[in-house]
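Chain by chain, the residues:
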Amino acid sequence: MSEGVVRLGGVTDFPPDPVIVAGLRSGDEEVFALLLDEWSRGMLRLARSYVSTAASAEEVVQDTWLAVIRAVGTFEGRSSLRTWVYRILVNTARRRGERESRTIPVSSVGGERPDGVPPGEGGPEGAALAGEVRELIDKAVGTLPSRQRAVITLRDMEGYGADEVCEILSISPANQRVLLHRARSAVRDHLAAYYDGKGGP
Amino acid sequence: MNCDEFAELVTAYLDDALDDSSRPLFLDHMAQCAGCTGYYGQFTSAISALGALPAPGLSPQTRSHLLTAFREASSEKPE
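As they're listed, the protein sequences go chains H and U. Last residue of the first sequence? That's 201 in the working numbering, and every number before it is there in order. Last residue of the second sequence? That's 79 in the working numbering, and every number before it is there in order.
Quick caveat, the hints were computed from the structure, so don't treat them as lab data. Hints are not guaranteed to be accurate.
Stated by the list, open to error - Beyond 10 Å from chain U on every Cβ pair, some chain H residues (computed):
1. 56
2. 82
3. 87
4. 102
5. 145
6. 185
As the list claims (entries may be wrong) - Partial selection, computed: residues in chain H whose CB lies under 7 Å from chain U:
7. 45
8. 101
9. 156
10. 182
To be verified - Residues of chain H clear of chain U, computed beta-carbon distances all greater than 10 Å:
11. 21
12. 62
13. 103
14. 147
Backbone N, C-alpha and C define an ideal beta-carbon position, used for all residues, glycine too.
With the hints as extra help, turn the sequences into a complete structure.
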């Protein structure tokens, strides 16, 4: 795919859906690799809202992409491709999460450390955010109920708009806002408690 | 508007979803209440911090497995 993808200072001008869908259907590996690299990070984060470990989230993302490969021929364009892929992800992750909650003893859930990134892999923004605060926020997000976690992941960590989040998660705008607000309030509370202990930010 | 009501509306305000009657009350309260101005600042800082969290990607093994799966699926399909 030499046309349609323009890289300017590391920012990809993402090709429009019809170009991507045509590329996927014709077996253009470069198009598939572009999607994999653009979307998988966000998908891993969202999957983690529903399943108990990072490894499990990776399997969810893998299963989602395999389903996308199989089903891209049936994509009708009634939503954006990204929404379509994310909806497959949410369904896959929810099913797996339900299965886990039946098979994993409660005591072993939540014992995992927050999904950390090894030092040096966070990029410039990661480096700018103090490690301690980062860990605190990771922990705060990790304690949220899955519906709140899914919304705050998409809205604040991934920067998606409210409409797309409603569509991906099949929730109403009012419900989306309530879940987002509860999640943000909880994260704010964690941060405030931390800064109070330190005498301010 | 009291402080509890203010705190409940911050996300709606940020999404520009307050109705015409609540919006001025929200802004008036913030202008007059140092505590809520502070709360608002912490709230928006939390949102910025969430946006700055690094996101780990797929493992190289999974990525290469998926690329292989895509290649195989494409070669099976009739053109």
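Results of checking the hints against the structure:
no., hint, result
1, 56, "holds (13 Å)"
2, 82, "holds (16 Å)"
3, 87, "holds (19 Å)"
4, 102, "holds (25 Å)"
5, 145, "holds (17 Å)"
6, 185, "violated (7 Å)"
7, 45, "holds (6 Å)"
8, 101, "violated (24 Å)"
9, 156, "holds (4 Å)"
10, 182, "violated (9 Å)"
11, 21, "holds (14 Å)"
12, 62, "violated (5 Å)"
13, 103, "holds (23 Å)"
14, 147, "holds (15 Å)"
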